[in-house]
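**Q** Construct the complete structure from the given sequences, taking the supplied hints into account.
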Amino acid sequence: MSRMRIISILVALMLLLSSCAFGSDGGKKSDSNKSRFGSGGELLRIVSGSENIELEPLIKAYTDNNKVTIEMTYMGSVDIMRQLKSNTSEYDAVWPASSIWISMGDKDFRVKHTESTSLSPVVFGIKKSLAESMGFVGKRVSINDIMAKIKSGELKFCMTSATQSNSGASAYLGFLSGLSGNPEVLTMDDLQNSKLREDITGLLQGVDRSSGSSEWLKTLFLQGDYDAMVNYESLIITSNQELVARGDEPLYVVYPYDGLSISDSPLGYIDCGNQKKEEAFLNFQNYLLSEKVQSDLQKLGRRTGFEGVFDENKGVFKGEWGIDTERILSPIKLPTAEVIMEALNLYQREFRKPSLSIYCLDFSGSMYGKGERGVKEAMDLILDQTKASELLLQSNPREINQVIFFNSGIIDTAIIDPSTEEALNELNAKIQAQSAGGGTDIYKAMIRGLETLKSYDLDQYNPAIILLTDGVSAGYFEDFIIAYEELGQDIPVFSIMFGDADPTQLKEIADYTRARVFDGREDLASAFRSVKGYN
Amino acid sequence: MKTKWIGLGILILTMVAIIGYFVLRPRPVDPIIGYLGGEKIGLLEDEEFKSEMADKFGLELLYKKAGSLDMVRADKTGMSYLFPASQTALELYKSEIGSPMRSEIILNTPLVLYTHTMVRDSLQQSGLVSETNGSYFMDMDKFSAAVKEGKTWADIGLPELYGSISVKTTDPTKSNSGNMFAGLMANAMNGGVVVDSESVYNVLPDLKEFFSRMGYMDTSSADLFSQFLKMGVGAYPMIAAYENQILEFAVTQPDTWQKVGHDLCIIYPTPTVYSSHVMIALDIKGYEAIDALMDPAIQDIAWKSHGFRTGISGSQTETEIFGVDGVLTQVTGVMPMPDFKTMDIIVKELSN
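The listed protein sequences derive, respectively, from chains Y and H.
According to my numbering, the residues represented by the first sequence are 1 to 535, in order.
According to my numbering, the residues represented by the second sequence are 1001 to 1352, in order.
Check the hints yourself; a few may be wrong.
[Claimed, not checked] Examples of chain H residues toward chain Y, derived with CB under 10 Å: (1) Lys1064; (2) Leu1161; (3) Met1217.
[Unchecked claim] Label pairs and their calculated CB-CB ranges: (4) Asp1055/H x Asp189/Y: 42 to 48 Å; (5) Asp189/Y x Glu1096/H: 29 to 35 Å; (6) Asp189/Y x Val1029/H: 40 to 46 Å; (7) Thr420/Y x Met1101/H: 55 to 61 Å; (8) Ser1099/H x Lys299/Y: 56 to 62 Å; (9) Glu242/Y x Asp1283/H: 48 to 54 Å.
Rather than coming from a laboratory, the hints here were simulated on the basis of the structure.
Cβ atoms here follow ideal geometry from the backbone N, Cα and C, with glycine treated the same way.
**A** Listed below in structure tokens is the structure:
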């Protein structure tokens, strides 16, 4: 064995060990979307909707008492479907919010032992006083009643991205159905209707903030001051528990009778022919379906079992919040897979509120080499429309994209409006030609970004600043705060880390602007999908 | 001399041990894999079934779940068998691939409707459903007329349910139970006469309308049935699936059945169609598996624990063992499915 080979094996071993050492006991790895519970035994890698973050204490209790390791990776349910379609071998089990995403994604019939773990309808949670003033309390409310309030500007709301998350997709399909005059089921012909296209585009202008998955939407909602959100009844319940605890106004749950959908939270095993893994999976699934855990799930606002809510948990589902577990939930019929996919494509390409993205690209000396390469690759992925469309991240022509090249000062800027394919390609070429050098000041770049935003009517866009950097910066956070307060708008600043990144400063910015930090070195595509889910 | 005897003793003991090992050692189990209709997973996962198959036949049946029609067209590399829920799948196999090495009907079960008591009662009051000796029957002629008229649930006294009267089925172009219901509806729309490759064109527009109103459809009857159980009457007012599914559920999950059984009911369409679960052998192992599955002990497990009518064990008369109300001892009023050619026309039309 050559010396080089021995060294490379040692290096590989060290890498393996260091990756194993990461958060082996319920800790989160930096800000990535993974959590790991337990150690030893079989490893179950579950890709799950973010709403199941709320179940982590129950998962931890299981791994504490059983020799098994469970790794949860969170993403929106529509993205989970995409994972299944791509024939992934990265996961052993899927746990999206609705069965439809398994059956649409599992083309090779690999998923088995699928069981619904709990139910929760997708609802509108509206600040109670606002729901009252709009006449929604104690009434049967239709999707068109809600849309009328959105159109008149009385109601603004947050929802997850329809192309990433089940709750967003469900609400969006409900809107389309309502706007089409409640057909028995939505068809391709309905989607071609120009009146519908106009109406839905107008309606989606009412979206305040968006996110890639439901639990993240809840987090965002609780950090900010918003009027309403579309989310699972269970997450509205747990949000309300928190809102009430801190003395804030709770949300009132509205079930649109002609636009309702239900999440059934199915957990299924991806067969890989490993019997031990399959057993470990079934044991975990049985645990979740046990009466004790089903009762615990009810405490988290989920509906479970065949008999409805247990007496001991009746108090969780409060009538004063508009919650009604006695009424029959009669959801609308979902359209065919073909119609759903076309509707999602249209959402991304045409209907959704256009984004106004300010990319601040770090071309300082510390980015030289792999950092710089990472940034260029990233921008190529989002600006090259062939690549972007594979991830359902294609650009909407109404979008505005600005790029600010920075080191310790502003090197250069470029803005495109409208974002035609030609303009996007030119912008991409400019980025690919840029080279790195000099010091770093991310604050200066962000302040320049805020200045750009001043000249736009931000109600018409989903604005965001996206920093692509290694995160180590001179300059002052306080300067940024002053500029941010002066603008007085809700602008998230997301960061995607590259090079020898240090997230400390970036985390501070993300917390302040209610955004998040992603690691572009781990999985660039999912980092971008997450950012674009918010923007 | 003594050592000689000891030596001989050791030799004999060793030989006994070796012979004993070969006689008594567990028979080597040969695992084989194939495509399986989801409704039979319960049977293949049954411990009694597994040990009987292993001990008696040295077989372990592994599977990948697939819709009955889908599996015929799926990649069959390394597969030893197909175990769909219908002869239509066999016909499709014959027409697309050729004559199989061997095929046999292993199990039978009629297509039935499942609903909740509140829905059944309303359907009964509106004259679509009738009761005889504790069993319930859906008049398919009246039902297809109500569907054509576009009657809503509210029209028959169920304003709590959204939309028009419907039955949810699996995707008729991919899975057998939905495919059979399409055949059944086509016959009903044809005035109760089996449609053929000419008369089918008269009913295609209505049939297409009926299925297009369903929107998204599951591809597995097992998934459809479990959705029906869990999602409640609002989401799944009525479904079409196999009779054995409720029987199996009552046997394998007695505690849950105790809690929910009173609200669930079985309605036999009149007429109905029979699902014949055919095993198609793709190689010699699949060939042997057919013999094993035809064994009386295996057939007995299939009926008593999973509700499949077998036609050999004769135990069909003992319907009371399941504790499910209204199960017929003998299903009469069975109509043949339209022939393969006609079903092919229907599937093609519904695929568009």
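**Q** Flag every earlier hint the structure violates by its number, smallest first.
**A** 4, 6 and 9
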